[in-house]
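Top to bottom, those sequences are chains F and D. Under the numbering used here, the letters of the first sequence match residues -1 to 295, in that order. Under the numbering used here, the letters of the second sequence match residues 18 to 452, in that order.
Do not take every clue at face value.
[To be verified] Derived DSS-like pairs: lysine-lysine, alpha-carbon spacing no greater than 30 Å straight-line:
{"no.": "1", "chain 1": "D", "residue 1": "LYS56", "chain 2": "F", "residue 2": "LYS112"}
{"no.": "2", "chain 1": "F", "residue 1": "LYS112", "chain 2": "D", "residue 2": "LYS113"}
{"no.": "3", "chain 1": "F", "residue 1": "LYS112", "chain 2": "D", "residue 2": "LYS114"}
{"no.": "4", "chain 1": "D", "residue 1": "LYS106", "chain 2": "D", "residue 2": "LYS200"}
{"no.": "5", "chain 1": "D", "residue 1": "LYS343", "chain 2": "D", "residue 2": "LYS153"}
{"no.": "6", "chain 1": "F", "residue 1": "LYS112", "chain 2": "D", "residue 2": "LYS85"}
{"no.": "7", "chain 1": "D", "residue 1": "LYS106", "chain 2": "D", "residue 2": "LYS404"}
These aren't lab readings, by the way, just hints derived from the structure by calculation.
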Amino acid sequence: MAFVDQLLTNLLYGAILGSVYGLATMGLSLIFGVLRIVNVGHGAFIMIGAFTAFWMFILYGIPPLVSISIALIVGLALGFVIFYTVIKRLIDAPELATLLATFGIGLFLEELAKLFWGPDYRGFSWNVGSVNMGMTIIPVSKIYALISSIIIAFVLYLWFQRTKLGAAVRAVVEDKEGAMVCGINVTRIYALSFAIGIGLTVASGVLITLFVPVGINPYMGGEYTLKAFVIAVLGGLASPWGAFYAGFIFGLLENGSYTILGLLPNVEPFSLTRFVAFTALLIILLVKPTGLLGGEK
Amino acid sequence: MAWKKAVIILLLVALVLGCAQQPQKPKVTPTPTAAPVEKIVIGAPLSLSGKYAKEGQQSLWGIQAAVKWVNDVHGGIDVGGKKVKIEFKYYDDESKKETVQSLVERLITVDKVNFLLAPYSSGLTLAGAPIADKHKVLYMSHGGASDRIFEQGYKYVVQTLSPASKYQTGFLDMIKETDPEAKKVAFVYEDAEFSKAVFAGAKSHAEELGFEIVFDKTYPPKPTDLTPILSELKAANPDIVLGGGHFADGQLLASQMADLKVDVKAISIIVAPALPAFYEALGTNAEGICGPGQWEIGVKYSPEAAEKLGIDWYGPTQDEFLQLFKEFAGDEEPSYHAAEAAAAILAYAKAIETAQSTDSDSVRDTMSTLDYMTFFGRWKIDPETGKQIGHDMIVFQWQGGEKVIVWPPEAANAQPYYPIPTWDEKEAGKLAKYE
């Protein structure tokens, strides 16, 4: 009984964590999908989001749920600024140049954050109660994290599918020259996609604080960058939706495997969960080398 | 053709002479003790960025305060009747092992420092140790508590802080004393050099005291979610929980124990609860949480206490240290990272003064004989390994938003609050404080 309870608990928490992972990866996949640029500084934008939630809550008492939209706006603005100052010049540059540029932006943001806010691990407690599910207790803030990430992902999906701008973005992804011929301002689409990608990433930083409201630090992004890359590959690299599903799967694998591994004698199950998650990634990629939703070449 | 031969012979002669000159060099250079010492350069790699940025910054401020005491208040280190000042040289090691290694090499060979301080953390301390030992330059650990550092047979590595194996023993003693009925103990800690050493020591001490270990598992470094391990721990229904590793995971551990409402009678987490940011982040959820400390503002080490033990006192009093620290850190209060780093500087000053030498060998020999007290506590090393054996750990507890010292009784300024309030009670605002 205890075993089933724990497995369900871990899967439930894994699903919530996975949804946050998923959203935290969508921005990365979107930017790669449209601009073919790998944003190595990804984690720094998550950190900016976490700090946005932190400061809004500490200084103005704004709950993190409201901060999501603030973070989205901050991220969009940041995205546009970075695009027009750095990325625009690098669209057709060799890969190494864009890698170094985004890496540099990441470092710059981290050090800037440290300069202004110091190296402390900060945190806040936004207590909105918790729900007793019988087998476990879940803080309501975590349920908010799950629901918000699903809503954001869905709204983005609608925007892509149902709006003219979304169609333009898809057109640029499919055929850049063709899109240009049809009168689409490709640079503007690039700018918009980059800004949305950054906006999503910064917003996901807020969601991470809903899941874990502690450990907010200028260098917190590193862990998430690594996971985001794995999830992005799993999801098919260029596909934001794939990334979202892959995030779910990664979260479920990471947490769910713990209980099963715990049945093995003389092992530390937690150390093996990452191994299991990465092995699963290898197997999925063996079966489907383009990732879960990576239909394209 | 003859001139060609002559040139070759000349070249050979020059070469032989050149080689012969090398070994003669040390004879020409005066021995450090004989020459008047102008200044004593102490060098260190410090983690000013990366994962130990917080601890590194505290160490730097502590070192600066101690150097200022030695140079300005004490008037310099007395070597051969001359007051010599300390010059402190440091670089940012970015919390990376590779950087530590190249910086230690650089400090020794390029900057020609007399002595070295190790960087923060056991892992980084271990990274630099073989290089310092190879060059026969004293290397003092002030943030590397792992016992393993002192099991490598290094001669030039010494320790100022208590070793890891002693970190959680005081807390177990305290529980044994406060509640002999509490038997079931759970360990949940980071799978890392330092925490493994801490909990190896804690485990054997718990067994000695007759505790029953109902849960003993590790989590990998930098976890993002501890739910799986904590729900398993909850099912084991322990009386007390001991855990932690570094700062972020310790904070996460407390936060997620609150989420899952893992109610126990006492909690002791290493590292994280020591810093005020822990309470700021967790709010009332931090109430009652204990932690071991190398040092804490308010400990009662004083010249009088030293006299009672029949040992020397050296360095600033606690109040003087706090004053000096303020000059560098502003409003920020010193954590134990600052105090232990300062104590390492004071240990060098005391040992150099006693040895009347800046030579690593004679200072190391002198250190083996030293037994004295600073504001950080007692200082005495094991002559063989260099491990700290004089210094004692304290146990603190968060009570009503204040960190008070609850163990050992002779250093305590408050009673331990036991059992701690449940997570529900804490959320309702209950504090772990006796009225």
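Hints and how they fare:
no.	hint	result
1	LYS56/D with LYS112/F	34 Å, violated
2	LYS112/F with LYS113/D	18 Å, holds
3	LYS112/F with LYS114/D	21 Å, holds
4	LYS106/D with LYS200/D	50 Å, violated
5	LYS343/D with LYS153/D	35 Å, violated
6	LYS112/F with LYS85/D	27 Å, holds
7	LYS106/D with LYS404/D	25 Å, holds
Checked against the numbered hints given earlier, the structure breaks hints 1, 4, 5 and satisfies all the rest.
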